[in-house]
Structures are given as structure tokens and as C-alpha cells.
Amino acid sequence: MTLKQRLYRIIFESDTYTGRMFDVWLLVFIVLSIAVVMLESMPAVRELYHSKLISLEWFFTFIFTIEYFTRIYCAPNRKKYLFSFLGVVDFLAIIPTYIAFTFPDAQTFIVIRAIRLLRVYRILKLYHFVRAGNLLLLAIRRSLRKIFIFMMFILILVVMLGSIMYVVEDGKNGFYSIPLSIYWAVITLTTVGYGDIVPVTALGKFLATFIMLLGYSIIAIPTGIVSVEMSRTFRDRTESDKECHGCGEPNHTPTANFCRICGARLDHIS
Numbered sequence: 001m002t003l004k005q006r007l008y009r010i011i012f013e014s015d016t017y018t019g020r021m022f023d024v025w026l027l028v029f030i031v032l033s034i035a036v037v038m039l040e041s042m043p044a045v046r047e048l049y050h051s052k053l054i055s056l057e058w059f060f061t062f063i064f065t066i067e068y069f070t071r072i073y074c075a076p077n078r079k080k081y082l083f084s085f086l087g088v089v090d091f092l093a094i095i096p097t098y099i100a101f102t103f104p105d106a107q108t109f110i111v112i113r114a115i116r117l118l119r120v121y122r123i124l125k126l127y128h129f130v131r132a133g134n135l136l137l138l139a140i141r142r143s144l145r146k147i148f149i150f151m152m153f154i155l156i157l158v159v160m161l162g163s164i165m166y167v168v169e170d171g172k173n174g175f176y177s178i179p180l181s182i183y184w185a186v187i188t189l190t191t192v193g194y195g196d197i198v199p200v201t202a203l204g205k206f207l208a209t210f211i212m213l214l215g216y217s218i219i220a221i222p223t224g225i226v227s228v229e230m231s232r233t234f235r236d237r238t239e240s241d242k243e244c245h246g247c248g249e250p251n252h253t254p255t256a257n258f259c260r261i262c263g264a265r266l267d268h269i270s
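In terms of UniProt numbering, the sequence shown is residues 1 to 270.
Think of the hints as simulated: they come from the structure by calculation, not from any bench. No false leads were slipped in.
Within a straight-line C-alpha distance of at most 35 Å, the following computed DSBU-like cross-link-like pairs (lysine-lysine) qualify:
no. : residue 1 : residue 2
1   : Lys80     : Lys146
2   : Lys80     : Lys4
3   : Lys172    : Lys205
4   : Lys205    : Lys146
5   : Lys146    : Lys79
6   : Lys4      : Lys79
Computed Cβ-Cβ distance ranges for the label pairs, DEER-style:
no. : residue 1 : residue 2 : range
7   : Phe148    : Leu86     : 26 to 34 Å
8   : Gly171    : Val228    : 39 to 47 Å
9   : Lys52     : Arg141    : 42 to 50 Å
10  : Val31     : Leu155    : 38 to 46 Å
We put the beta carbon where it would ideally sit given N, CA and C, even for glycine.
All chains should be built: construct the whole structure from the sequences, respecting the hints.
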């Protein structure tokens, strides 16, 4: 196995001891770096420990920079990684510090200060450790059509309920127009209830109670749709995984004919 393949197994996989240790230490650095960013935003702490916080920030940036370029080096498809979600997150984790260093007197510029706040998005690097994240995204993608139909139904429902409420309250008590009444219906259906618009009539209160009870059951529907698709996706992924008998690599697509690590044929591998 070449150096590039070894680095790939350590950085992108976690089925080895070194891979797991890499993930653990990377997780520690991510959490600590986010803590440093938060502490730096506190005036009292920044005034007392400014130089130490800056040193820690550069230390974490150095670590993440090495990680970023190592990922680029050992990624099978570098362009795909660079423009992937995780690739962009890894880039955003390091670039703000370098921009601030390039413009040392730019603390007063709002744009640069906003860019420095991008360091908070290092928390998205935790996505590296959410193995079920891909399954969730795939399940949501498969559920989009059903969710779209459901949202269209909700849109029709709130328009009808808002229009009815406008008539029931006779255009008074905050229900001055149908759009305002639809806004109230959405807020009530989602059980948020800001309280800025409140029905006064008996029929209006009864309708509001019905909408609130309806909201509890409606909120559960998209959750159920995604849960079913996630369960189905997990089952399909488990059944279709191919493991190489040569090197033991388990992560192959159902249509793969050769191992992506050692190149062995997968024709007779289940």
C-alpha cells in the first residue's frame, strides 16, 4: 500500500486504530478552536488573554491547514473534494485567519470582521464524524417529492383557514386582511403562537383550538416520511455493500467491479 493510500485510510476512513485516533484528535481540535473563537468575542477575556488567544488560533489554523492539504493530496478525485460540502467547510476553517493576517489593520472593517466570524463554521467540520449524515441527506433527497406534495397541501390548508378566520373575525381584532389572517394561521398551525393576533369571537377561538390540535399531528408527518426513507436507505446500503477479500475495504458502490484501494476484482464478492 502506497503512502497516499495509507493517508487516505487514516484521514477518510475510521476502521483502523490510527484512523480512529486521527478522528478523535481532530474532534478535540475542532471543539477547542470553536471555544477559542467564542472566548475571543468576549471583551473581558479578549483584553486579558488576547496574545494567548491569537497564538492558539494560529496553532489550530496550522493544524487544519495541514489536514486540508493532506486531504487534497490523498483524495481520489481532488476537484470533487475541493468543491464538495466538506471541502468548502475545510477551506472556510482556515482562510479567515490568513485574511486577518494579510490585513492586520482591518479590524475596523466590517467585511473583514465578518469574514473572521467564518471561523465559527469550523463546527461544520464535525460533519466528518457523522457517518449517518450521508444516509440522512440521501433519505431527504428521496423524500423531496412527498415532502413537496405535503407542503402544497399545507399551503392550501393555511390559505383556506386564514380566509375562514378573516370572515369569522369580520376583519377585526388584528385580522385586517386575508394575508394577515394567513400569517396567523401559519403561526398557530406550527404551534408557535406569538400572540400578536388573537381571535376574540367564540367561533374564532374554537377554530384556533382546532388548528393548534391539527398542528401537532401535521408536524409529525414529514418526520415520518424522512424516517421511513432513512430506514429504507440504510437497509439498501447494508445489503449492497461489497467488501474486498484482498484488503478488507468495505466501502464500495453496488456497481463497483474493482476495489478502489487495491484494485482486486469484486465480481464474486458479496
